[in-house]
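Visitor: Since the structure of chain A is provided, determine the placement of chain B on it from the hints.
Listed in order, the protein sequences are those of chains A and B. At position 157 of the first sequence the residue is numbered 157 (our numbering), and the sequence of numbers has no breaks. At position 241 of the second sequence the residue is numbered 241 (our numbering), and the sequence of numbers has no breaks.
Each hint should be verified, as a subset may be incorrect.
As the list claims (entries may be wrong) - In silico DSS-like cross-links for lysine-lysine, where the CA-CA straight-line distance does not exceed 27 Å:
1) B/K580 <-> A/K34
2) B/K580 <-> A/K25
3) A/K290 <-> A/K273
4) B/K560 <-> A/K233
5) B/K580 <-> B/K560
6) A/K34 <-> A/K273
7) B/K623 <-> B/K580
8) A/K25 <-> A/K273
I should point out that these hints are in silico values taken from the structure, not numbers from a laboratory.
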Amino acid sequence: MRIATSQITDNAVASMQDMQTQLAKTQQQLSTGKRVLTPADDPSAAASILSLNQTISLTQQYQRNSNVAQTRLNLEETSLSGASDILQRVRELAVRANNGTMSASDRGAIAAEVTQLSQQLQGLANTTDASGEYLFAGFKADTQPFTANGAGVIAYNGDQGSRLLQIGPQRQIEVGDSGASVFMNIPASGGGVQSVFDTLNKFVSDLNANTASQSTITDIDSAANNLLTVRAKVGARLNAVDSQNSINTGYLTQTQSALSNVQDLDYASAISKLNQQSLALQAAQNSYTKIQGLSLFNYIR
Amino acid sequence: MASGGDLLGIGVSALLAFQRSLATTGHNISNVNTDGYSRQTVDLQSNTPQFASNGYVGTGVQISSVTRVYNEFLSNQVLANNTANSRLTSYSQFTNQVNNLLADPNTGLSSGLQNFFGAIQDVANDPTSIPARQTMLSQGQSLVDRFHSLDGSLGSLSQGITTQLSSEITSINSLAQSIAKVNNDIVIATGMAGGQPPNDLLDQRDNLIQQLSQHIGVTVTNQDNGAKNIFIGNGQNLVVGNQAMTLSVTGNQYDPTQAEISLTTGASSATVTNSLSGGTVGGLLDFRDQVLNPTRNALGRIAISMAQSLNDQHHAGVTLNGQLGLDFFTPPTPQVLTSSSNTGGASVSAQVSDVSALTADDYLLQYAGGVYKLTNLTSNTTQTLGASGPFTVAGLTITTSGSANAGDRFMIEPTRAAAAGLGLALNDPRDIAAAAPIATSAAGNNTGTGSISAGAVTDISNVAFTTTAGALTPPISIKFTSPTTYQIINTSSNALLDTGTYSPGTGKDIFPSDNLALDYGYQVHITGSPATGDSFAVNYNTGGSGDNRNALALAGLQTKGVLDGGATSYPQANGQLVAKVGTQSSNAQNNLSTQGMLLAQAKSQQASVSGVNLDEEAANMLKFQQAYQAAAQVISIGSSLFNTLLGAVKGQ
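Same shape as in the complex, but just chain B:
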């Protein structure tokens, strides 16, 4: 049988328990909008009963613990989805910028190319017109400007990435330090409370880790003392117990403008860029490696191929002043970067030797075992080149000089800086080589029906063109000694150079000549039936201002395959680039929206376990209030029982 004192004790224990429960409900309500808060519950337990003669008698209630409602698995799911979501957010945001840049009619290449080649066609229509030639130069300049502004925008994205990486690293360092500090607090608090969980500190740490995971992908492990260890990349320590390591942004060993990330552990420091993934940092690095640099390379490849093929064709023409054409564009040169850790004195340079074999890939040249080895960084294939250059590989001629030490490395980026390096070389409209260098003619008194083609240049570097500027050396006559035989004669010395045979039915390419295989760097074709004594002449195209043959050839480059072994024209290469970045951007957006849904699901699952529901708290509040009121009644009854007893004793 319980005494009045017991009843008071029981009532007080209940009052305290429900007061605490109400306080926890209030705490839950007040944190309904706190990020990372897990609702808390008061775990009640009945007190140890007292043994009375007739059995165990209850002694009220006690609070065994205040715990948070938390599921580690769900929390880890949110963590993983958070990392993936932030990665995709930054990746997709930047990719989208490149996508818009390439597609915009005002900044994209496509209309610039169209206008430039349209201007070449207009020169072909009227080759003596100085205004038409001036327009071609202006359109050439504005095409160059487009390359520059596109590459400039991509370059500023690259700088933006470096800046953003720095601020990301600052945030990561500060979060890592906070986590280390909270780890420390948790270990101490847990110890002081005899193993009771410091709920709000745990929430705070989880929230910090969630924040960290938005910046960078992390792995979390639990220590026995309650601390959590954080790893990044392939298991590099970021936080161990109460110790936080420091990340820093450094310059690439080849190109200081490309940011790398180093991890400092104690006294040693190592570059960890390539092992990092996830989070905003992972998104930025992925964007730089998968979108930005390949886009700059592809753009540069178009610039190089355009400059080179247009220059080659321009060299094969004659200007209004009767001279062979010079460079139309300033051709960009491939970029070779020397590692800052090289110990040897070798220097390496590269030239484009074959545009059709040129790739948009980057190459690593390493010196080891007495030979240079070249690795394509896109396909990751390595080939051994030899002890010293020049090497002709991948459309490049790589020249080495000086002596390299084992382990020395060079980064060859054939097209990265090419769009920025493109320039317009001509500034005088008369210097546009619209004409072809040779002019053919049939003698006026020919009696046969033979005719000679206008001729086509096959090799402008032939001595026939280079010996004397503005003249053909030698000028040639083709004189028929019978309807089926002819002589090739040097017109200026009258010397017989070679003879040949002709069949009237099929016509004939004259060069290389029949017996001596003479080749003067051009081809002429004779058709029809020349009569004995007929002759044809090939001379330098002097005064041929109305000739547009080379302008037609230049205009034809718009649709001619010059890249990928002759399969791709530059407008096509541009189309491929636009489609590739478009695909990357659209994939990123799709992945982002999928990832966004996964994240929302993971968060809502976590919230459905740990989140505060106000209706639930309201109901709990009523429940605890009623229990509290009942407990107060218990005390009141206990008190009146005691008073009854006191009154009975007083009355005696």
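Looking at chain A on its own, in the form it has when it is part of the complex:
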């Protein structure tokens, strides 16, 4: 076929430009480590990358939420275990006080210790977390849940709400118990319900009146049982958070490797592609300069 002289240059320049574009793209892929540089490189992969990135960020958020849940549940468990210890001590004192040989002054001494313990328990029931939220106030986190009136009767000012945290895509977990369920609504030996504080108050007034207090031991046992039930629930929740956390970690690893499969560059093939492309460009440049020198005019003297 006939060819125009200008075509030789035009074609050579066009093909060299084309090769340089490809070379630049491969180089950019190598320097970013990414196969998909813009959605146009692979539109369906780009959509997957967006959704995988969202999954990763959500899962990381669930892990953060799990940590918050763990912190709160651990704090609750610490407070509850302190409360259990106090009730244990009160029960010992109650057993001792019921001994017929006890004198009024002995019982007075016990009364003094029980009063101390009661205040300590009240302090635990008013535990706050690091940001000053009352742990046992239900939703009323800014309201001190347990306060004494003039007669020393402890009233509950919180509500019965309990906070849920999102620790997995479909998993919410309670991270607290209302003070009502922990300290207030405990079945009483005389029927109905009674708060653990009322139980202790009654014990103190019995001691001060120097009378044996048979019902106290039953009521303290029932309060301690209630605490144990709540602690068992807290323990179960901590386990649940742990297992959800390991599910999240596994899911995160999987998702990240899926993302890497979609998005990341296969270095070996990219480098060999780069070599091929630069070789082709060199060949094109070389051959152009050789062809360019060929002309019949060189031989006309």
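Guide: Chain B only, in chain A's frame:
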């Protein structure tokens, strides 16, 4: 037998012919790099022979014509490929910009959405924390900023298109005038030369037409007198003989910022935008219609749906101050544009009524025959709405007022301006409604195992919530009169509102109530086995600063389907948008590289016919030089023959 004079004449004719051939070769060589140049050849013809007694005797050579080597079919192929190539070049260049804009982690929506919803989760983790709430507001603001900057970049692309269209139109007008002038020159030159082609003028005109075709798609027809007529669009005249029409850029009848193109023929002017195709102009218009505006619409749809669904959920919550939540985002309103040619006094407005039915399409509302008709401009389907609004259609409520005249038109762009119209409405972190408005409780002295759920709001606009701010009207108690029957009692007045029956095995949703179907805009569920005398209460969530139920619901919107009838969440809608523009951009790039090859092929075919090859010209030069030298020898022989004759006569 030829005489010496004949020989001289023959030699001179050959000298002239080869001199002309050499000159044409020189002309070819000197134009080896001239765009649009077709190589020329000198057509030689032997002279009319003279009759001598013994036959016809040759009298030398003459030039019949100087013609260019040109193939109209190949030229038209280059023209068509040129038009398609320029269209794809501008289309792909702009589409690629949108593609990069949406995908860039610093400008794209995706990470903005992730950060914002992450901040909501952090509020859910610690609802009393003012810093966490402040972060949620800041992330909300930066999400709004992302919408604004994305839409702003798309808006400046739109302006860029208007500017570029203007300069394109200027070039087209000037090329059209040049073509008309060259047409005129060609007609005159052809006439003067008795039909001989003015080769270089023809090349010049072809080159001008090639240039024009890069700006806009054209059709070319030949006139008998040698002029060429140029048509654009669906056959609108651009150049007829030596007359050129004028194109101009005008504003759209609805939206003056959207450029339209008008063609002025004599005194009349008509908008031809929709019929234009090909060339840079076609590429720009296609980009605007197929990529830019749909992208702005899709982005706006995400903005509207996010604002609306987040606001709806936020309204159903309670702030740190115990009040029901207000708007979190300033919701953008759909844009209704009135045609500048309307004669009636009607005005039209639109509100989003149902996000899940909202589309990213534009609609044309026309008043004709006493009724409004709505046309979806994407699907081109029309429906009759009625004589006057409000109309509820396509997720919109369209309100009309005033009286329209027949033929009046309104353009409804529900989502076009929405990304720009989005704003953050809250500025006090305490106003974030993280809590739910109701709190349920079981009486302390309940003896059964019944328990009540935390409750869920179903309709925050219920009078139970709206009668008194910060209170439930009425507060409710549910009192069990037996293990299977209960009363619903107004706690503040002790009035019996309704009764119901309960089955301990299955539990029960209390509302709507059994007999009177009472519904207070929320639902509570009782499970277990309540004993006679047990009671449960539902109150306003006063002081519930540690409640995060509404924050959890807000955070859940990240993955909840709110668009397309509940099938698509906004991150998914964003993913769809990115993939769609990515596909458009990748198709454009692929088409462009294919088209580039077709153009290169067409050009090389044309060049292989019309282009100058220097080696060929060198060979021709040697050929003509030798012929010229030989012709000079002929003259020399003729001259010496004549001298011999003169010498013989002198010698006698």
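Visitor: Take the C-alpha atoms of A/K34 and A/K273, compute the straight-line distance between them, and say whether it is at most 27 Å.
Guide: Satisfied, since the Cα-Cα distance of roughly 15 Å is no more than 27 Å.
Visitor: Measure nothing beyond the straight line between the CA atoms of B/K580 and B/K560; if it is 27 Å or shorter, mark the hint as holding.
Guide: Holds, at about 21 Å.
Visitor: Next pair to validate is B/K580 with A/K34; report whether the Cα-Cα distance is within 27 Å.
Guide: holds (21 Å)
Visitor: Hinted pair, alpha-carbon criterion (27 Å max): A/K290, A/K273. Please report holds or violated.
Guide: Distance ~26 Å between A/K290 and A/K273 Cα, so the pair holds.
Visitor: Straight-line Cα separation of B/K623 and B/K580 no greater than 27 Å?
Guide: Between B/K623 and B/K580 the Cα gap is close to 62 Å, so the pair fails against 27 Å, i.e. violated.
Visitor: For the pair supplied as a hint, A/K25 and A/K273, is the alpha-carbon distance within the 27 Å limit?
Guide: holds (11 Å)
Visitor: Is B/K580 within 27 Å of A/K25, Cα to Cα?
Guide: holds (22 Å)
Visitor: Straight-line Cα separation of B/K560 and A/K233 no greater than 27 Å?
Guide: violated (31 Å)
Checked against the numbered hints above, the structure breaks hints 4, 7 and satisfies the rest.
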